[in-house]
Amino acid sequence: MEGDLCSGLSNGNQVDRKILQTFQKNFVQVEDILDQNRLLISEINQNQESKIPDNLTRNVGLIKELNINIRRVVGIYADLSSNFIRSMEPSSEGAYAILQNASPNISPRLRKATYPNKESYITQHRYSTYLKIFLLQANLGQGRDMATPVRSNNRLSLAMERTGQWVFSQDIPADVVVVVCEASFSLHKFMLVSKSNYIRKLILESKEPDLARINLSDIPGGPEIFEKAAKFCYGVNFEITVHNVAALRCAAEYLQMTDMYCDNNLSSRTEDFLAQVALSSLSGAIIVLKSCEDLLPLAEEVKIVQRCVDVISLKACNEANFPSRTPPNWWTEELSILDIEFIGRILSGMRKRGAKALTLASALTTYTERNLRHLVRDHSGRCTMSYNPGDCDMYARERELLQSIVSLLPSEKAALPINFLCCLIRTAIFVKASNSCKNELEKRISVILEHVTVDNLLVMSFTYDGEKLLDLDSIRRIISGFMEKEKNMAVFSGGDSKETCSAGMHRVAKTVDSYLGEIATYPELTISKFNGIAILVPKGARKVDDDIYRAIDIYLKAHPNLDEIEREKVCSVMDPLKLSYEARLHASQNKRLPVQIVLHTLYYDQLKLRSGADDQPDAAATRSQLQSDVSLVRENEALRSELTKMKLYISDMQKNKGSSAKRMSAAAASGSRKHTFFSSMSKTLGKLNPFKHGSKDTSHIDDNIAVDITKPRRRRFSIS
1 MEGDLCSGLS NGNQVDRKIL QTFQKNFVQV EDILDQNRLL ISEINQNQES KIPDNLTRNV
61 GLIKELNINI RRVVGIYADL SSNFIRSMEP SSEGAYAILQ NASPNISPRL RKATYPNKES
121 YITQHRYSTY LKIFLLQANL GQGRDMATPV RSNNRLSLAM ERTGQWVFSQ DIPADVVVVV
181 CEASFSLHKF MLVSKSNYIR KLILESKEPD LARINLSDIP GGPEIFEKAA KFCYGVNFEI
241 TVHNVAALRC AAEYLQMTDM YCDNNLSSRT EDFLAQVALS SLSGAIIVLK SCEDLLPLAE
301 EVKIVQRCVD VISLKACNEA NFPSRTPPNW WTEELSILDI EFIGRILSGM RKRGAKALTL
361 ASALTTYTER NLRHLVRDHS GRCTMSYNPG DCDMYARERE LLQSIVSLLP SEKAALPINF
421 LCCLIRTAIF VKASNSCKNE LEKRISVILE HVTVDNLLVM SFTYDGEKLL DLDSIRRIIS
481 GFMEKEKNMA VFSGGDSKET CSAGMHRVAK TVDSYLGEIA TYPELTISKF NGIAILVPKG
541 ARKVDDDIYR AIDIYLKAHP NLDEIEREKV CSVMDPLKLS YEARLHASQN KRLPVQIVLH
601 TLYYDQLKLR SGADDQPDAA ATRSQLQSDV SLVRENEALR SELTKMKLYI SDMQKNKGSS
661 AKRMSAAAAS GSRKHTFFSS MSKTLGKLNP FKHGSKDTSH IDDNIAVDIT KPRRRRFSIS
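Be aware that the sequence shown starts at 1, since it is given in full-length UniProt numbering, and climbs by one per residue.
Be a bit skeptical, because a hint or two may be false.
Label-pair distances were calculated between CB atoms; the ranges are [said to hold, decoys possible]:
#1 Trp330 - Asp471: 30 to 40 Å
#2 Glu450 - Asp393: 36 to 46 Å
#3 Ile68 - Val277: 33 to 43 Å
#4 Asp471 - Ser283: 40 to 50 Å
#5 Met646 - Asp455: 51 to 61 Å
#6 Leu34 - Pro327: 45 to 55 Å
#7 Pro327 - Ala357: 19 to 29 Å
#8 Arg325 - Glu239: 19 to 29 Å
#9 Leu34 - Lys356: 57 to 67 Å
Below, a list of computed lysine-lysine pairs in the DSBU-like style, where the Cα atoms sit at most 35 Å apart [what the hints assert, rightly or not]:
#10 Lys529 - Lys432
#11 Lys645 - Lys591
#12 Lys485 - Lys356
#13 Lys413 - Lys557
#14 Lys578 - Lys529
#15 Lys487 - Lys432
#16 Lys487 - Lys356
#17 Lys201 - Lys231
#18 Lys510 - Lys557
#19 Lys578 - Lys485
#20 Lys569 - Lys647
#21 Lys578 - Lys543
#22 Lys413 - Lys539
#23 Lys207 - Lys231
#24 Lys352 - Lys413
#25 Lys578 - Lys591
#26 Lys578 - Lys443
#27 Lys432 - Lys510
#28 Lys352 - Lys290
#29 Lys356 - Lys438
#30 Lys315 - Lys443
#31 Lys432 - Lys557
#32 Lys315 - Lys228
#33 Lys228 - Lys303
#34 Lys468 - Lys539
#35 Lys578 - Lys510
#36 Lys591 - Lys647
#37 Lys485 - Lys352
#38 Lys352 - Lys201
#39 Lys543 - Lys468
#40 Lys315 - Lys290
I should point out that these hints are in silico values taken from the structure, not numbers from a laboratory.
Just so you know, these numbers come straight off a predicted model, no measurement behind them.
Virtual Cβ for every residue (Gly too), placed ideally from N, Cα, C.
All chains should be built: construct the whole structure from the sequences, respecting the hints.
Here it is in C-alpha cells:
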C-alpha cells in the first residue's frame, strides 16, 4: 500500500518529464521575447534622443509592438500556470483516495500526512509536486539523478531569474517560512532550491511530508545577509560592498550556493568582487578583514582571512617604504580598527617581508593609543575614567589586550619610545597584568634607563589623577636591572665596578636622586621605600651628594614626626663628606637633620679650614677620628636621656607618696643629689667634645631656613 501511495503522489516520471520539457520550452520562448523587447527599447530611446519627426512617429509603432510582446509573456506564464494546475489535479485526487483507503498498518510518517478534508490535502499536494517539478527541472537532461550537481544552460538560468519577478507579479502564496534569529521570511521553496543546494537537501531529507518552516539562525551575517541571499535566489538586484562581501561569501558557503550546483551562483559573484574590488586596495582589505571578526571560523575555512592578511602585509610594507599619501603613517591608523589577533598575523607577515623594527613599532604604538586611549594616551594629567571595582569584564578585556600587545613588541631596544614603555608599565600596574607582562616591560626599560627622564619615572609612579603613588616595586626592579647590567659590563671589560662608573651610571644616579626629590613629599612614601630606591645607586656613581641631600631634606620636612633614629635611617643613604660647600653650609644650619649628620658637616668644615686645602689627603684617618668623636656625643646624649627618665620617676614618687613632709623632703634631697651627680657626669664627658671650642656657633640659626621644596608640578602623563 505504501508503494502505491508513493506512485500515486508522483503520478509517474513520464508525466513529470513531459511537463518539465514544456516548462523549458516556454522559458526559452520567454527569453527570446525579452531579447526582442530590449532591442525595441534601445531603438525607442535612440529615436527619442534624435528628435527627428519620422523617428518619433516610428516610436508609436515600436511601443505598440513592445506592449504586444509583454502581453505574450504574460499569456505564456498564465497558460503555463493553468496547465500545470490542471495536470496536477488527477494525481492529487488519486493520492487523496489512496490515502483514505490505506490500511491501519500504514507507517507513522505517512499517517502524519493525513489532512482534515479533501481540499486541504489536494492543495498541499499540488504545492509539493510544484516543488518537485522545479527540482527535476534543475537537473533535467541526460537522465541525471536529482542529487547530481549539473551546470544548467545560461539562457535557462536567466529565465529562472525572470521567474522570480513573475512570482512577485502573480502574487503566488508562499509555501515556506525561513526563520533567521528573530526575523521570519515567507518565501517559495522552488525559488530557494533553484540556487541553494543546502535548502534542497533540507527539504528532501525532512521527515515531514511537506516542510513548511526552516530555521537558518546559524547562517553567517544573520537576517540582513540572508535577505540578500534570498534576493539573489529571486533574481532581485542588490549591492555587494566591501562591508558585506565577506558575509555574503560565507553565507554562500553555508547555503551551498556554488557554481557546482548552479552557474554564476552567489559564491562566484562574491569571489569576483573580492578579487577585482575589495582586495585591490589596502583600505578595502582592512574593511573586509574587520568584517571577518564575526564570521569565524567559516571565514578562515574559505580563506578570506588569510588572503586579507597577505594583501595587507604586502601593501603596508609598500606604504612604509613608499608612502602614497600624507601623513606617511596613515596606514597605521587604518590598522587600528582590527582585532589584536589579526594585528599579530599582519605584523608577522610584514616582518617576513623585511619590514623594519621601527615600522612595526609605529604600528603597535598607534594601535595601543587608539584601543587603550583612556589608559595610555591621557594628555590632560587627569583621567576621567570611571572603572567600578566590580567591573571585572572591563578589567579582563583591558588586561588581555595589553598582554597581547606586549607579546608583539619588537625585540630591538631602540625601536619603541621610552615614554610609551613607561605608560605601558603604569597601565600594566593599573589593570593588574601578569607578572610576565610587567617583567618584560621592566627589562626593556632597564636596558635604556640612562635615557629615561624624571618625568618618565613619574609616569610609572603615580595614579592617573597624579595624586597618589603606585607600588614602587617596578621602579626598584628597573633600577636594579640597570645596575646589574652595568656591573656585568664592567666585569667583562676588566675594570672594577666599585671604583669606576660609566657616564650612563652617573646620569642614572642624578635622575634617581631628582626623582626621589619629586616623590618625597607624599605621605605614603615610607622610609623603607625611600631608602630602598636610594641605596640601589652605588656610592661611587654620585660625584657629589647634593641631589640626594636635597631629596632627604624635602622628605624630613614633609614628615616632621620622625624621631631621631628614623631621621638617621633616612640620612644613612647620604655621605656628608661628599657634599659641596654650599650644601654643607646649609646642612650645618639645618635643624631637621640628626645630630650625627650635623657633626659630620661641622667637623669636615673645620678640617678644611685647618688644612687650607680643598681636598683632605688622609680621608680614612679623618673618618676614623670622626666616628670616635661621634661615639662620645652619643654617650653624652644617652646620659641626658637617663637623667630625664630619672626626673620623671622622682616626679611620680612625689605625687604618689605624700605621707609626710619629712619623707618628701628626703626624697627631694635624694633627687637633688642625683641631679647633681648626673649633671657633673654630663659636664665631665662634655669636656671630651672636640667641637666645644672650635665649632661654629649655630645659636643664631633660624629654624625656618630650608631649601625650596615646593610640591612637584602636575605633569602630563602622556607619551606624546
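Worksheet item: Which of the stated hints cannot be reconciled with the structure, identified by number in ascending sequence?
Response: Hints 13 and 38 are the ones this structure does not satisfy, whereas the remaining hints hold.
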